[in-house]
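*Asks:* Once you've looked at the hints, dock chains Y, F, A and R with the ligands against the given chain G.
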Amino acid sequence: MSDEYILETRGLTKEFKGFVAVNNVDLKVRRGDIHALIGPNGAGKTTFFNLLTKFLPPTRGTISYRGVDITKEKPAQTARRGIVRSFQISAVFPHMTVLENVRTALQRNLGTSFHFWKPQSSLHSLHERARQLLAEVGLREFEDELTVNLPYGRKRALELATTLALEPELLLLDEPTQGMGHEDVSRVTQLIKKVSEGRTVLMVEHNMNVVSSIADRITVLQRGGVIADGPYAEVSRNPLVIEAYMGTEAGELQGAH
Amino acid sequence: QISDGVIKIGIMNDMSGLYADIAGPGSVTAARMAVEDFGAARKNMKVEIVSADHQNKPDVGSTIARTWYDVDKVDAIFDVPTSSVALAVNQITKEKGKAFINSGAATSDLTGKACSPNTVHWTYDTWMLANGTGSAIVKTGGDSWFFLTADYAFGHALERDTEAVVTKSGGKVLGKVRHPFPGQDFSSFLLQAQSSKAKIIGLANAGGDTINSIKQAAEFGITKGGQNLAGLLVFITDVHSLGLNTAQGLIFTETFYWDLNEQTRAWSRRFAAANNGKYPTMVQAGVYSSVLHYLKAVEAAKTDDGPKVIAQMKAMPTDDPLFGKGSIRADGRKIHPAYLVEVKKPAESKGPYDYYKIRATIPADQAFRPLNQGECPLVK
Amino acid sequence: MNHAAASTAATTATPAAGGTMNAQRTAFAVMAVVFALAPLVVYPVFMMKVMCFALFACAFNLLIGQGGLLSFGHAMFLGSAGYISAHSAKVWGLTPELAILAGTATAGVLGVFAGLLAIRRQGIYFAMITLALAQMVFFFCLQAKFTGGEDGIQSVPRGRLFGLVDLSSPWAMYAVVYVVFIAGFLLIWRTVESPFGQVLKAIRENEPRAISLGYDTDRYKLLAFVLSATLAGLAGATKALVFQLASLTDVHWSMSGEVVLMTLLGGLGTLFGPVVGAAVIVTMQNYLAQLGAWVTVVQGAIFVVCVLAFRKGIVGELIAWRDRRKAK
Amino acid sequence: MSATELLRIENLHAWYGESHVLHGVDMTVNEGEVVSLLGRNGAGRTTTLRAILGLTGKRTGTIRINGVDAVALPPHRIAQLGIGYCPEERGIFASLSAEENLLLPPVIGSGGLGLAEIYEMFPNLKERAGSPGGRLSGGEQQMLAVARILRTGARLLLLDEISEGLAPVIVQKLAETIRTLKAKGYTIVLVEQNFRFAAPLADRFYVMEHGRIVEKFDASELPSKTAMLNEFLGV
Amino acid sequence: MTEIFGVPTQALFGQLLIGLINGSFYALLSLGLAVIFGLLNIINFTHGAQYMLGAFTAYLLLNKAGIGYWWALLIAPVVVGATGVVIERLMLSKLYKLDHLYGLLLTFGLALIIQGLFRNEYGSSGQPYAIPPQLVGGQNLGFMFLPNYRAWIIVASALVCLGTWFVIERTRLGAYLRAATENPQLVQAFGINVPRMITLTYGFGAALAALAGVMAAPVYQVSPQMGADLIIVVFAVVVIGGMGSILGAIVTGFGLGIIEGLTKVFYPEASSTVIFIIMAIVLLIKPAGLFGTQK
Ligand SMILES: Nc1ncnc2c1ncn2[C@@H]1O[C@H](COP(=O)(O)OP(=O)(O)OP(=O)(O)O)[C@@H](O)[C@H]1O
Ligand SMILES: Nc1ncnc2c1ncn2[C@@H]1O[C@H](COP(=O)(O)OP(=O)(O)OP(=O)(O)O)[C@@H](O)[C@H]1O
Ligand SMILES: [Mg+2]
Ligand SMILES: [Mg+2]
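Chains as they are written, first to last, in this note's numbering: chain G, 1 to 257; chain Y, 1 to 380; chain F, 1 to 328; chain A, 1 to 235; chain R, 1 to 295.
The following block holds chain G by itself, in its conformation from the complex (with noise of 0.2 Å):
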């Protein structure tokens, strides 16, 4: 069972003085899916994120980890665990180099970053590994460029390399294809695609095309509960999602992106 299923949450619910943004949702994420999260505005999805990654705590639930309950732990810890999230907004250190902005997350296995006494050149061994993740995202040509001077797409890009630093078994995305041009966005849909090989990933998105094009699984929430869940094609037809979510005009659906 736990080792079916990567994450689990039971009851979980947030409140806001009285406001319920997250109803008692019990959400079960198969290893190795891609789960897509969907939902009208407000549905409650950040919110969600937000307490699978302990950036809220939870009012009520237990959220599990392959079958451990970590209900209780510090943000870091549970990234230490492997559960990485990315940001609705772009987040990369600007003012650091490509290289340098891989090496930070790697540099954390390395156990001595408390070493105030150590070279720089200690870091080294780190840039082979590096140099492979960025390779994998397509940004291998840019490693010594200064990270503000990448374009939006791209910084998303490094972004999802830094993150697969951390070997992350379970990916949380938070609209990774916002605010992205077309070419982006299919480049990251294709770099979700390929680098979801032996991880699991939990996205949300509300741009249809890529959700209808990767997904495994979706899941639909509105006013903080969930409303279906199931595989896409069973999904869309679903009349309660359609009204609530995709909308009546059929031809738009697939053109809301």
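None of these hints come from the bench; they were simulated from the model. Glycine residues also receive a C-beta, built at the ideal position from the N, C-alpha and C atoms. Some hints could be false.
Unchecked claim - Here are the simulated EDC-like cross-link-like pairs (lysine to aspartate or glutamate), alpha carbons at most 16 Å apart as the crow flies:
no.	chain 1	residue 1	chain 2	residue 2
1	G	Lys118	F	Glu193
2	G	Lys17	A	Glu127
3	G	Lys74	F	Asp216
4	R	Lys97	A	Glu18
5	G	Lys74	F	Asp218
Said to hold, decoys possible - Stretch by stretch, here's where chain A covers chain R in the computed footprint (C-beta under 8 Å, at least three residues):
no.	stretch
6	59-67
7	174-184
Unchecked claim - Every beta carbon over 12 Å from chain F, so not counted as near; a handful from chain Y, in silico:
no.	residue
8	Asp143
9	Ala157
10	Gly225
11	Thr264
12	Ala266
13	Pro307
14	Pro352
15	Ile358
*Replies:* Chains Y, F, A and R with the ligands in isolation, oriented as in the chain G frame:
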């Protein structure tokens, strides 16, 4: 013989801070006058005066002292208010074998634990203030006290010494309260003093603290209520800035007042003329007479070597228009009379700086701490 | 806002940190030689003062330059360390090296407590909190018995190093201060380049991201703070022996202001800036001593000018100038 | 053409500090029409809008709003010429409640929508009226950002990526809103990533590339332009 | 009569009242700081100097022009506010694009300059300033003698605080201010003249400081240093209240005044540190301060 031909005098004090008015540029003026009156030119002795601001910081002070002695060939340092700086300079002077004649600092350690063959303490010190004010007031009827004490070494010392005197001369201390230093608002402490019903409220603090406590005492009608304030360290400048209205009735001790006699008046007018109208404080007067005496000693000893001059200064009696005849003890303490003064009512004052009524004169031999009580290694 | 601090600091720092290592090496060599030979021409006590403050400023700079945190209360470390080393040398009769050690350690411990409180906020908040904490320490030192209130601890014996070398000779003393300064400087330099330094930079750049990468950022900031405090303490402890006194001056907030001034003038976040800044300010104070209150006016003016027109500071401007030359 | 010209931009250059972003943009917008500004990421569309309001660093060229030269004016005076701006990053004020956000922009012209009208257009907002702006969800913030400027009676609306991050239902709702506004005679500049959203709404299109206008055409020519659009936008 | 920890309740009332009086000054000063911080995100280190300037303006008005307290109460804030406006236009306005720490450093420098200049001119020992004739004397409240002037201080500052709070939290102008605090550019893009708003706000903050200065003149010495140390305490007050929170500044201002007052009775030695200790505790429990919001 005079080292490299000139007698170089350094006036080091606070030129801009809290003590700028009691010492500051005024002290430099006083020193100049002393050199004049001594007639250095006539006796073709070359005397130079340099001055610096120690900003009341011991480390600034000691750097200045060191450079003065090592680099600028200064022979003697004068004035130096602020005990911390004074003690630092005292020690360096001893190290470098120069001379240090202090006028501005209050700490009686200069002639006690820290006394040195290179140092003379000229004008006043805490013991003398405590003793003068304490005993004299008790004698004149103020026999129950409450202390308002600045909560740091200096305040504690003043309080300790005064309390001793008060009890010794038959008065009693009803209570005391320690106020933060520097303080802004003293009203709550004053209320405590008031409810103690003590006849005398002793202000064991200095500068702004004293001024503010006096102001606020007036405001809360404490002085009107029949209690008297005794300042343990008050200068004429403080009275000046408080104004008679607020300060009237305040009692404290000084060793110099411009209106003592013809000589003091004459000199003070000269001084005021040179010091844009401001009358001399006892510190500035002290600088004048100490420089004068120092030069006489140099002349007599025919050297400006520190210890020798100091020894000479101690050997010969002092005599000058401001402090009259006096002497310097083995421990370096300059001995002269002290005056218990009370601030006049506005009505009684004939004009600016006519501030004091002399309530009592404490003869020189009683004014200062007895030689044997100072724990000064020099006196065995 | 903290991030902005970072970028401003970073932009000045990157030229120094990145790329031109050898430039820094030569600069260091020059500095080492200059300080070694200076006492032959300049008054030694003055040079020692410069070195003490230079180390103090470097320690302070470690925090703003790497941590992006501006402390407005660093005097508390300089001062308390001074008091402890003075007290332990005078009253307990410890040998100088032990006295310095004691002082430094105290500053370190104080740093832990102050840090735990201060690092919870950033930017201006941090500045004000450190300032307030320092003020607390000041009042403590003012009232505590052993500090001698405003008299300070006077005539502190310099004693014999390891019970052998008599430090009352200015040369011996100078040698000690020199070694302390160089060692402290090298340690700071290394810290900047170390793995730890990298993490600090990351935190400064984007803290939430650093957290999400699994870094417990507060602990890194705390370590940075404690390091800075300890080194500031080292400077203070040494200074106390040099001047043979410890006084309130070194715990007063105006001292905290001075170290900011030195660093700002020399160049925030640059390696050598604080040293240059300290040298300039100390010299100024020495030669303007006669000017009295004008000293503060001049200092204030320097602040204003630096902030308005000269933000990179002396060294920062030099680096910028060099890079522009390179660019051409 | 006959229609009165509301906005005219000629040879507009704009900089962010050192970096020169707009290299001579030319475009005109007539009273009552909806104009869409298309382009890739970083093409310079947001910058164009910001430059119109004087929110970029340096800028040169001519910008005429109702015939008034705006280049010389500070942002608030430009806005008072009757412009409503909905920024890409939404710019919701976290410390103000949703309603305060809604009521913040001062009324600068007649004929703005009433609060009631707005709330019926965006029910979510009514629901969250009391809660601090910073607490709103991404989408709610987006709706608020649009709603906010409909009150002020500004006649020229500059909308930057308003369909971004919205659920399809809401996107459809916004499309209707735009039509309504157009019917009410508003003039709208629509910066859109999402071509399919803009396509049915706009009367005319401008395509940007590297800070220049590279194409302009009417809705009627749309079919014939798909090839070109594919090339520029990868639609 | 009854006692609390050996202190007669009578006396205690007196002490509470006194605390309240000092609190009024804290409140006024921290209010000014909070207002400035709110909109400019600058810790106005010059605040202490501006407080001093207020007092000196009153002093000079009296001695150079024979203009008395009540007019000074009006003129001094206007004058100092005006200088504030100049400072903002000429200097601070150049710094908004930069990190706020630069604002702190600049104002710190300005404070040094102003205080230094006044020290050169007037020395450190203070100048006297008499209590306005209308307010000399006082009421005997039985448990204490309350000088009329002190009573006036409490009333006046309470009024000023309330007024300011109302304007900022409850009016449209206030909403603009709060919005501009977050995103001035956008607010300006809505058609509001933000630069002027900022300038005036700084001027207003400075004026508040000056007002406190004038009120302080008759009670304390008018001296160049009068603001220097006080301001640090006020900083602590602002931190405790929660930076930028108007209400926080006011409430903690008065509250801490009282607490400090009580400390002076029960454990005077700590009265200079108590505020900082409280700050430490508050920070441990609520890093954003009592009324602050972590941002
Ligand atoms: N800290 C908070 N305090 C109060 N309400 C909040 C808070 N955070 C979120 N909410 C409310 O909870 C609901 C869910 O917010 P959330 O950001 O999770 O929505 P979402 O699914 O991410 O929507 P979107 O797709 O627009 O981002 C929203 O109505 C929001 O207003
Ligand atoms: N604040 C800024 N400082 C410096 N450069 C900027 C800034 N904002 C944008 N740019 C640069 O200006 C160029 C145009 O940016 P702009 O935001 O106008 O593009 P856009 O067409 O709106 O694309 P999108 O909004 O989809 O990212 C980009 O190269 C961007 O990197
Ligand atoms: Mg969201
Ligand atoms: Mg854009």
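*Asks:* Compare the structure with each hint and give your call.
*Replies:* Results for each hint:
{"no.": "1", "hint": "G:Lys118 with F:Glu193", "verdict": "holds, 8 Å"}
{"no.": "2", "hint": "G:Lys17 with A:Glu127", "verdict": "holds, 14 Å"}
{"no.": "3", "hint": "G:Lys74 with F:Asp216", "verdict": "holds, 9 Å"}
{"no.": "4", "hint": "R:Lys97 with A:Glu18", "verdict": "holds, 15 Å"}
{"no.": "5", "hint": "G:Lys74 with F:Asp218", "verdict": "holds, 13 Å"}
{"no.": "6", "hint": "59-67", "verdict": "violated (count 0)"}
{"no.": "7", "hint": "174-184", "verdict": "holds (count 7)"}
{"no.": "8", "hint": "Asp143", "verdict": "holds, 30 Å"}
{"no.": "9", "hint": "Ala157", "verdict": "violated, 9 Å"}
{"no.": "10", "hint": "Gly225", "verdict": "holds, 31 Å"}
{"no.": "11", "hint": "Thr264", "verdict": "holds, 28 Å"}
{"no.": "12", "hint": "Ala266", "verdict": "holds, 30 Å"}
{"no.": "13", "hint": "Pro307", "verdict": "holds, 18 Å"}
{"no.": "14", "hint": "Pro352", "verdict": "holds, 25 Å"}
{"no.": "15", "hint": "Ile358", "verdict": "holds, 31 Å"}
Going through the hint list in order, the structure does not satisfy hints 6 and 9.
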